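Undergrad: Residue numbers (our numbering), protein chains in the order written: chain P, 1 to 458; chain C, 459 to 845.
Rather than coming from a laboratory, the hints here were simulated on the basis of the structure.
No experiment lies behind these values; they were computed from the predicted model shown.
Check the hints yourself; a few may be wrong.
[Said to hold, decoys possible] Below, in silico cross-link-like pairs of lysine to aspartate or glutamate (EDC-like), each with a Cα-Cα straight-line distance of 16 Å or less:
#1 Lys329/P with Asp640/C
#2 Lys777/C with Asp365/P
#3 Lys213/P with Glu520/C
#4 Lys827/C with Glu238/P
#5 Lys777/C with Asp443/P
#6 Lys127/P with Asp741/C
#7 Lys602/C with Glu558/C
#8 Lys298/P with Asp741/C
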Amino acid sequence: MQVTAMDIYKLLPKTNCEDCGEASCMAFATKLSEKEAQLDLCTELDPEAFAELEAILAPAVREITIGTGDKTVTIGGDEVLYRYELTYYNPTALVIDIADNLADADFQERVKIIEDTQFERIGEMLKLDAIALRNTSGDPGKFAEAAAKLKSTRFPLILCSFDPVAMKAALEKIGDERPLIYAVNENNLEEMASLALEYDCPMTIFSPNDLEKMKNISRALRNKGITDIVLDPGTFVETGVGDSLDDFVMIRRLAVEEQDEDFRFPILGIPALTWLYEQDEIQGGIREATIAATLMNKYADVLIFHGTNIWELIPVLTLRQGIYTDPRKPQAVDAGLYEFGDLDKDSPVLMTTNFALTFYTVEGDIKGKTNAYLLVLDTEGRAVDVSLAGGQLNAEAVADLIKETGIEDKVETRTLIIPGLAAPVSGEIEDESGWEVLVGPRDSSAVPGFLADLKEKS
Amino acid sequence: MDKISQLLKLLEKTDYVEINEFRMDFDELELQLAPAMQRVMQQAVQQQAMVKKVSEKMEALEFIPPVQDYPGEVAEVQLGAGTRKPVFLGGQKALYRFEEPQPNPPVVTFDVFDIPMPGLPRPIREHFADVMDHPGDWAKKAVKEFGANMVTIHLIGTGPKVMDKTPREAAQDIEEVLQAVDVPLVVGGSGDPQKDPLILEAAAAAAEGERCLLASANLDLDYKKVAKAAVDYNHAVLSWAITDVNMQKTLNKYLMKEGLTPNDIVMDPTTCALGYGIEFSIDVITRTRLSALKGDKDLQMPMSSGTTNAWGSREAWMKNDDWGPTDYRGPIWEIITGLTMMLCGVDIFMMLHPLSVQLLSEIGSTFTKEYLTTDVPDISNWITELE
Ligand code: B12
Ligand code: SF4
Chain P
1 MQVTAMDIYK LLPKTNCEDC GEASCMAFAT KLSEKEAQLD LCTELDPEAF AELEAILAPA
61 VREITIGTGD KTVTIGGDEV LYRYELTYYN PTALVIDIAD NLADADFQER VKIIEDTQFE
121 RIGEMLKLDA IALRNTSGDP GKFAEAAAKL KSTRFPLILC SFDPVAMKAA LEKIGDERPL
181 IYAVNENNLE EMASLALEYD CPMTIFSPND LEKMKNISRA LRNKGITDIV LDPGTFVETG
241 VGDSLDDFVM IRRLAVEEQD EDFRFPILGI PALTWLYEQD EIQGGIREAT IAATLMNKYA
301 DVLIFHGTNI WELIPVLTLR QGIYTDPRKP QAVDAGLYEF GDLDKDSPVL MTTNFALTFY
361 TVEGDIKGKT NAYLLVLDTE GRAVDVSLAG GQLNAEAVAD LIKETGIEDK VETRTLIIPG
421 LAAPVSGEIE DESGWEVLVG PRDSSAVPGF LADLKEKS
Chain C
459 MDKISQLLKL LEKTDYVEIN EFRMDFDELE LQLAPAMQRV MQQAVQQQAM VKKVSEKMEA
519 LEFIPPVQDY PGEVAEVQLG AGTRKPVFLG GQKALYRFEE PQPNPPVVTF DVFDIPMPGL
579 PRPIREHFAD VMDHPGDWAK KAVKEFGANM VTIHLIGTGP KVMDKTPREA AQDIEEVLQA
639 VDVPLVVGGS GDPQKDPLIL EAAAAAAEGE RCLLASANLD LDYKKVAKAA VDYNHAVLSW
699 AITDVNMQKT LNKYLMKEGL TPNDIVMDPT TCALGYGIEF SIDVITRTRL SALKGDKDLQ
759 MPMSSGTTNA WGSREAWMKN DDWGPTDYRG PIWEIITGLT MMLCGVDIFM MLHPLSVQLL
819 SEIGSTFTKE YLTTDVPDIS NWITELE
């Protein structure tokens, strides 16, 4: 549960000394409750109050950072079970595996594919977050060697081996980069735990379909003073996915609703396991993406993939972007006039709305492909047909936008090209603004072609 | 032990302070940092005390599943009667299967159209090109070859701007499909608010006693007529509101005033596709199901998803070499859209692609099983077994 500013304020010194940079203790409490300030900025706290505040400010799910310096990814930090109650924090880290026994050229090639994977959506470049090195060879030497090779990547790492000897060998090479250790189980507990402490690395508990065992291992690690823990309750694909879902949900419910200290940690899923049963590249890719989406919907904080095809990753990246948008904020861009390419007095004038998805879609369709002015209407962040249905897109608002942006001083044309979906208000816009209105295509991908045709005709 | 060495000893166990860059004389340290040190020490002592307390009760902790009690439950809706094999929707008494498995698995209904639909995406036309001229054949193929639990016949051709088919013609199409298959039907109009109630009324009469789902009633059309047709000819009604829980409640209340019961209503809270507002649907559908289980009588109906919306997304249909072939993008887009809705509580899915239908059903079928009763493979050596 999220704490209120009032709960926090009660524990602050209430001197209003302003050392923290805020005008009052209450202002600082508000910042803390919104996760916009750090507790240690307050200079006046006694140790008890500090400890108490730290405990109540800790998110339900511990926030853990993998990696160091500019190679990091942070996971966890969630406070609620359902995103509408607040928001989810720290998008699921998407990780690709790499086997330690790949031939050197293949190894480098795979790292490059992982680093280069990206997909632009709604003005955001969506990327992967980390690499998981697998001790496929079972050979500690190979594992360490491969780990050393990964020093040069720009991604944080997960080291996957159940063999403490191999883990130690790899940590000797890259232990200072704070990789996530994967994984401790009942057989290697003592050795792996010592490694985590020695190298100060976060570590994963692997306890497939056995939350009781997981609870016991978690408690044992916590007793040793290990606090950065990630939980892998096992990813079962095919019909076993029902059990995985139950395990994931139970863990998160225990963390959020029951503050069960043994489970207040991020959860890791491995859609890559799909490939144990499916060899076909296409079937496998589709299934892997499906498992990934299933687990991401139910609280996965880290997902390890094996497939790297862009068509399989795009939907997962897109789902992550959606789930992790902040429901408290409208997804909008600034309204006004935007310019694309070489413009003059005869350049065409287009209109769209300020919904982020709409704007960036249109921008992507015209930028570098055609020359045009683009008027962006404030529809409180709503798409074209949504704002038409809701009334934010109306003739008066468009006429005002034309006046306010001063577009009439920039062009001699008095023709406004509106989205095809806005056709129902074209007549009214003409009446209100005195401009001629041309109804454009329904989908903005057709805009460059449409403008080219227009030019040809004139 | 003196104070300093005691401190350093404790520091080994705490993660509150960084001592890496610490270069100071102990005297100096004691002088300048005494208060801060005091604090760190106290914290460390507290932490140690806690650790001790915890370790004392270490041995074999028991795990208790976080099962909750729900005062409400979801109504069960039967679709299909008369000459149809019935299908049941809803009936959940809990949110998750570890609490109580749901009595009925999620159901998929295949989209079939009364006209050939040249606009359908290629990966779908591929499967149905040979049967698109006859809705009966189309429906039969969906059931026989792709294992559809149900079929949705969209009477798109009745749209005034499409073919303006009459209610009589619509009724004939319904009869054709009823003859061809024995699964329950969803009957959809063209989306024209004036004409849909008339079309649904004629279709309802033609399918009397077969218990179809009439799609749909909403606040922008004569929902009373749709409700009456359902009551008169024994069908269920799809109650469609656009991502708005309050609108959904209002509409359900109105429909119940017309004589329908929760066992005759399925809700469509609107499916925004992956990448096109899916998060709005996640929130609304989650809230709706939670309200039902908490006891809100106006929201205790099963839910439906127009998953086919996914095919409208650019990422599903637009050619773009950087994104890979649409052959795979389309189905994945549909699966993930539907799957996301399913995990929020949706019970019935209108879908188009055979592979999407298969994967969704596979996962959905697990919802009726008890936790830990499925044979799962041993994955303990996955690190080395994965090629
Ligand atoms: C997500 C969504 C919502 C979200 C809002 C998301 C948002 N921020 O806008 C929520 C849930 C809030 C919502 C609310 C409503 N919605 Co709504 N919603 C949708 C949905 C599913 C997707 C909209 C979307 O994101 N489209 C994607 C963007 C990128 O599309 P776009 O802005 O149109 O841009 C494209 C084109 O217009 C064109 N284009 C854009 N700019 C330009 C510029 C030029 C020059 C050209 C040529 C082309 C062009 O290219 C773009 C890319 O393809 C649609 C159904 C659908 N699948 O389309 C219904 C839909 C738009 N909603 C609808 C309705 C009725 C409503 C409500 C009125 C419901 C209600 N009664 O409360 C409210 C209105 C809210 C308000 N305005 O106050 C109806 C509209 C029916 C109609 N045409 O009258 C739709 C079509 C659903 C339906 N089938 O009934 N909605
Ligand atoms: S530093 Fe602490 S005591 Fe001073 S104003 Fe800020 S919160 Fe209050």
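Undergrad: With reference to the structure, classify each hint as holding or not holding.
TA: Results for each hint:
1. Lys329/P with Asp640/C: violated (48 Å)
2. Lys777/C with Asp365/P: holds (13 Å)
3. Lys213/P with Glu520/C: holds (9 Å)
4. Lys827/C with Glu238/P: Holds, at about 14 Å.
5. Lys777/C with Asp443/P: holds (14 Å)
6. Lys127/P with Asp741/C: Cα-Cα ~25 Å, so violated.
7. Lys602/C with Glu558/C: Between Lys602/C and Glu558/C the Cα gap is close to 33 Å, so the pair fails against 16 Å, i.e. violated.
8. Lys298/P with Asp741/C: Answer holds: Lys298/P to Asp741/C is near 13 Å, not above 16 Å.
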